[in-house]
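A.B. asks: In case you want the letters, here they are:
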Amino acid sequence: MLAGRSKLIEEQIPRLRRYARALTRDPVAADDLVQDALERAWSRLHLWRSGTNMRAWLFTILHNIHANQVRAASIRPQLTALADWETSGSQAPSQEDRIMVRSLAQSIDLLPEEQRVVLLLVGLEELTYEEASKVLDVPIGTVMSRLSRAREKLRRLMAGTEAPIGAKKT
Amino acid sequence: MTPIKDHNALSEDELHRLIDGRLDPARAAILAEHLRRNPEDAARVEAWRAQGLGLHGLYDGVLAEEIPPRLRRAARPWRAAGTALARLVAGFALIAVGGVGGWALRDARPQPDARIVVEFAERAAVAHAVYLPEVRHPVEVVAAEAQHLSVWTSRRLGLAEPLRIPDLRSAGFDLVGGRLLPDAQGPAAQYMYQDGGGRRVTLYVKHDPTTPAAFQSDDQQKFDFYRRGDTSVLAWRDGALGCAIAGNMEKLELKRLAYMVLGYGQDKVKAR
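Just so you know, the protein sequences line up as chains A and B, in that order. The first sequence begins at 125 in our numbering and counts up by one. The second sequence begins at 12 in our numbering and counts up by one.
Keep in mind that the hints are not guaranteed to be accurate.
What the hints assert, rightly or not - Lysine to any residue pairs mimicking SDA-like chemistry, simulated, CA-CA at most 20 Å apart:
1. Lys131(A) - Ile78(B)
2. Lys258(A) - Asn177(A)
3. Lys131(A) - Pro80(B)
4. Lys277(A) - Arg60(B)
None of these hints come from the bench; they were simulated from the model. What you are looking at is a predicted structure, and each value in this text was computed from that prediction instead of being measured.
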């Protein structure tokens, strides 16, 4: 029984890592976050009901840990730490792609946290709106409005038609 | 844009459902037709879609990465517990077979002695604080004589071979040099690094193969963290070496340096 569950948990590790990497933009901090989430999942495994959505459950745990950390630190990792790995992806994008993608990464950083999280859960992790609503513990309508604001703000930031208010040094 | 009951009207939500693939095909076709006639909406939808592709471009590489052992272990802790038990049994077996000595048993003792780690980290923190402000004599042997520094400190630590002094240059820290210090039961080496802004970190290393595995973790990726005034210390054990890195910086930044010392992409401190 335990083996079955640990397999279900293990299967989610790559996606948890991807989400954590996008959230923290720091490989070490991201894996720390995933490790914390996995350890907490094990300590609460009795709360997980067999047959329900393991992925949403794990993302919920990870999200809550991260939200607490953000609240506690009320700081985000600095942009400067990113440059090293952000452009050194395995994709080896063309110069043009790289410029586009970099400005995407920087623009995401300027989104309010609650919008950023929805954008990553839906746009990157492709959770359904229902799953995202469960993970974040907010109504679906709230997910939709945050998603809408996130995408629109991001579009304007990238198009240069919106000044990044509260922008940090880059 | 507000949702209207009219069959052909569309809501903002539906545009999102369209690009997220959460719309039934009939409705999707109607929206596609709408977009053909409304270039402004079409441009917005295209931009949103491009955001999604961009996100995948940035982060999908993570999916192909090998999963770090510590995460695998965290996903099946019962197996890790089994490993620890096996090691303990192996320790007993060694003694039973050869009477090799007590150290194997001590090494396998699962309960770490936290006090030892705290005291070790304390000494590293004090040593850091003492030499941090030194202008004229921050080190005994300067980085220009790095090879001599390595040979000398390794011999005094009692290592069979010289250890490679970790290279932290990719994090912007150059080696200043090092010195020998008295630790609890013998010498410890302190290596000092400095970045372009004049910030200093010190790496404190001692050799003690008989010490209980107080802060040994399976993959040596777990650090014990201490803070003393402005100084943060991360301590860990690497084989027979006790290591502590100290710096007046946030834990995360220090941790990045500690990983570098451990050889993630860099030379590894190791007594061979």
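A.B. asks: Evaluate each hint against the coordinates.
C.D. replies: Outcome of the hint check:
1. The suggested pairing of Lys131(A) with Ile78(B) holds, with an alpha-carbon distance near 14 Å, which does not exceed 20 Å.
2. For a cut-off of 20 Å, the pair hint linking Lys258(A) to Asn177(A) stands: about 11 Å separates their Cα positions.
3. A distance of roughly 15 Å separates the Cα atoms of Lys131(A) and Pro80(B); the hinted pair therefore holds under the 20 Å criterion.
4. About 14 Å separates the Cα atoms of Lys277(A) and Arg60(B), which keeps this hinted pair within 20 Å; it holds.
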